[in-house]
Amino acid sequence: MEFLGLKLTSTKQFPDKASIEFVLDTANKMEPYASGKKYTEVLKDKVIATLFYEPSTRTKLSFQSAALRLGAKIISETGIQFSSLYKGESIEDTMRMVEHYADLVIMRHPEKGSADIACSALTRPFINAGDGHGQHPTQALLDMYTIRKEKGKIDKLKIALVGDLKFGRTVHSLCYLLKFYDSELIFVSPDELKMPEKVTEELKKNKVKFSEVNSLDAVLPVADVIYMTRVQEERFENRDDYLKLKDSFILTAELLKKAKKDVTIMHPLPRLKEIDVSVDAHPGAAYFRQAGNGIPLRMALIAMLLGREKMI
Amino acid sequence: MEFLGLKLTSTKQFPDKASIEFVLDTANKMEPYASGKKYTEVLKDKVIATLFYEPSTRTKLSFQSAALRLGAKIISETGIQFSSLYKGESIEDTMRMVEHYADLVIMRHPEKGSADIACSALTRPFINAGDGHGQHPTQALLDMYTIRKEKGKIDKLKIALVGDLKFGRTVHSLCYLLKFYDSELIFVSPDELKMPEKVTEELKKNKVKFSEVNSLDAVLPVADVIYMTRVQEERFENRDDYLKLKDSFILTAELLKKAKKDVTIMHPLPRLKEIDVSVDAHPGAAYFRQAGNGIPLRMALIAMLLGREKMI
Amino acid sequence: MEFLGLKLTSTKQFPDKASIEFVLDTANKMEPYASGKKYTEVLKDKVIATLFYEPSTRTKLSFQSAALRLGAKIISETGIQFSSLYKGESIEDTMRMVEHYADLVIMRHPEKGSADIACSALTRPFINAGDGHGQHPTQALLDMYTIRKEKGKIDKLKIALVGDLKFGRTVHSLCYLLKFYDSELIFVSPDELKMPEKVTEELKKNKVKFSEVNSLDAVLPVADVIYMTRVQEERFENRDDYLKLKDSFILTAELLKKAKKDVTIMHPLPRLKEIDVSVDAHPGAAYFRQAGNGIPLRMALIAMLLGREKMI
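Chains as they are written, first to last, in this note's numbering: chain A, 466 to 777; chain B, 466 to 777; chain C, 466 to 777.
One chain only, chain A, in its complex shape:
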């Protein structure tokens, strides 16, 4: 898989395990630069545009910190009301403009499919930082990187994905990477929010073992990794459905007594109530470390898309 000049819109673009491992290995090499222990200006001649047409503190700051740690310059737009899009400009035209201003474009947009539309007009490398309930590939890659760092491997694990599996782009993007690994997936969700068939079909095609349950209790004794997700109100058309479901899958320190000693707990953040603060002191509570892993992972991708990863 060629990363130089890549327009990364979806984890479906990854053709094999080797391509994923190459990204994770490069992220690992970025660690001393991500933490500020070492310093590089390898991208000092590059301008990177971060266009966030949907609020996202975490993803925006993470990408910007990653770019700056590589010495790159950043131009940024936040909030659709300040943008040309608001004046009725098409996404394509915005890209045809911004490619003159920046060497790499990172975009978050509230509408599914917007990343593909952007790339249809863009001649520069691109990273989709989330397009509605479409994809969020760098989140999935940093999740993979976190599993590998926390467990030492991604194979031979029992990984539970918990919460809103229907609308959660994070877990979808993740499954398109996990399909290349020899782990067992357990989908834990209410019936209304089950993993879509397009995802489970892909897993079957790749002979990935998975099961579907609707109770957190059942998976606690067996799971090596518990990946919690937020039940996002903005994904529901009916507020009553949201209120009925949002508290159904809450992890507490009490519940964790039934879990494996070395269980790893992940969450893409921000969390609301689905992980109780009593869990934070658990040694396996990896969600803030997971957020931190976004820096080396995104540094790796940015450097790779600009062909500079070997110069570090």
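Keep in mind the hints are simulated off the structure, nothing from the lab.
Keep in mind that the hints are not guaranteed to be accurate.
A pair counts as met if it fits within one copy or between any two copies, since identical chains are not told apart.
SDA-like, lysine to any residue: derived pairs with alpha carbons at most 20 angstroms apart [what the hints assert, rightly or not]: (1) K709 with G553; (2) K723 with L685; (3) K738 with G749; (4) K509 with E496; (5) K502 with D568; (6) K509 with I777; (7) K738 with S555; (8) K738 with E557; (9) K502 with E564; (10) K503 with D568; (11) K614 with F645.
Chain A is already provided as a structure; the job is to place chains B and C on it using the hints.
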């Protein structure tokens, strides 16, 4: 004309053709740095403030990319609701503050005349990035630069300015530069949106040939440059007037069959419907290149106002 | 007092005069770098987060300019509606995230006490850039620096604090520093907006002479420093109370004829009507210089909290 320390609020400040050509020549020298082929840190010790009290993705990102490509640092404010102005502070006081924080101030503001008010209090160099339906001098200069790049000259051309010529600050600013050149101007607008007399008077004084028509068809066979502009809803007090006029001047690939083979089509962007997407494939469709020309042009001006253009 | 790694939330943290003087001395050393006369990249390997959950052009741009003048990189969030906090994330969780992205966190937040909450979760150095009507320590420090620069000393002066002394966090923060100095304080406010007892008690404990009056006229002939403050509408629950009081304490050139020749007039800005523009030409009108003093002062603090102040 002295550029070091200049407060550039209007293209009316340009006293002659030589001053314009000097800016365009300097922009030309910036090209390899603007495209990232060469790297400079000539402004690494300078902080530039970009204050955008009115939304404008394009102009803001263009100025910021230009400043960063010169190695400058940027402090930025976007949106009037986040600003001290919103708390009732005068523009003058804002300038007396910000001149302690930055070496050069770039401001966009929704009110005509605000650039002059800002400069009355400011001791630093300044660039007006658009003040309501006042002026937008860097847009006009990059338009001049685009004409010169596309046609190899600015003289001996037939240049059609099309659309809202009454409220369009872009075309006004442009005319105050074109008045020094030996080209012929054709103003194409509905009667309600004709070029104001203050502009045509200035052209007459400079013996610039111009004509006024209200149909796009008439100018197609003769125009070397067709400069389309958006009919901006926000400039109209009456929405019905807007709706009646907005589609009157739409350029399509079909229409362009009547145009000169080597016609150049320009637009300050964002475009709405006034240039149909069918035009984009035309070799003379220069509007995205035009946006790109904002980088070397603004790099030139920033460097010149800070007295560093010869160090590159 | 140890500054390396400090979480600066309040001026109450300063234990003695020596600690304050050390900050002011360091600020003095920063002057040539603050004005751009000298250039440093001493913090080029540091990323600083500026999180402004409440609008504040002045404070934000001042911190950012200070950080950039030290060569640091900046990641920034402005406006609560774009933030994770808006999605219901706790301040603590935001800090546990952002500490992976940045080496130093600067936060402004509309709620009193939010700075302490943030620091309870954060392992990085921190600067409170204002938390509601809590504290604003860097404003108080730059005020001290301004007095020392303008008068050559902070002792043996008569310093009048004028306006809203009840809700004004600026004057509270300032008193917790002035308590270590041998100057006399005069509090000038309407009865409804008197200096709170918690502050006057602290002054008594430190044997600082102070008096309370409710008329500007009385202090004019004796004050060496007049520190005016804005009566902020957003601090009042009742709009009528605001309207009744807001114009009561207005300084004019006419009034200043009764003042000492070498009086220094200060204001944290933005000013509304409380200092008439007729005062601006007075040689003692120090409020814009005061704003400028924010740069070396904040440069000093940022460098000290990161342990780099001796490397400059």
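Quiz item: Which numbered hints does this structure break?
Solution: Per hint list: zero violations.
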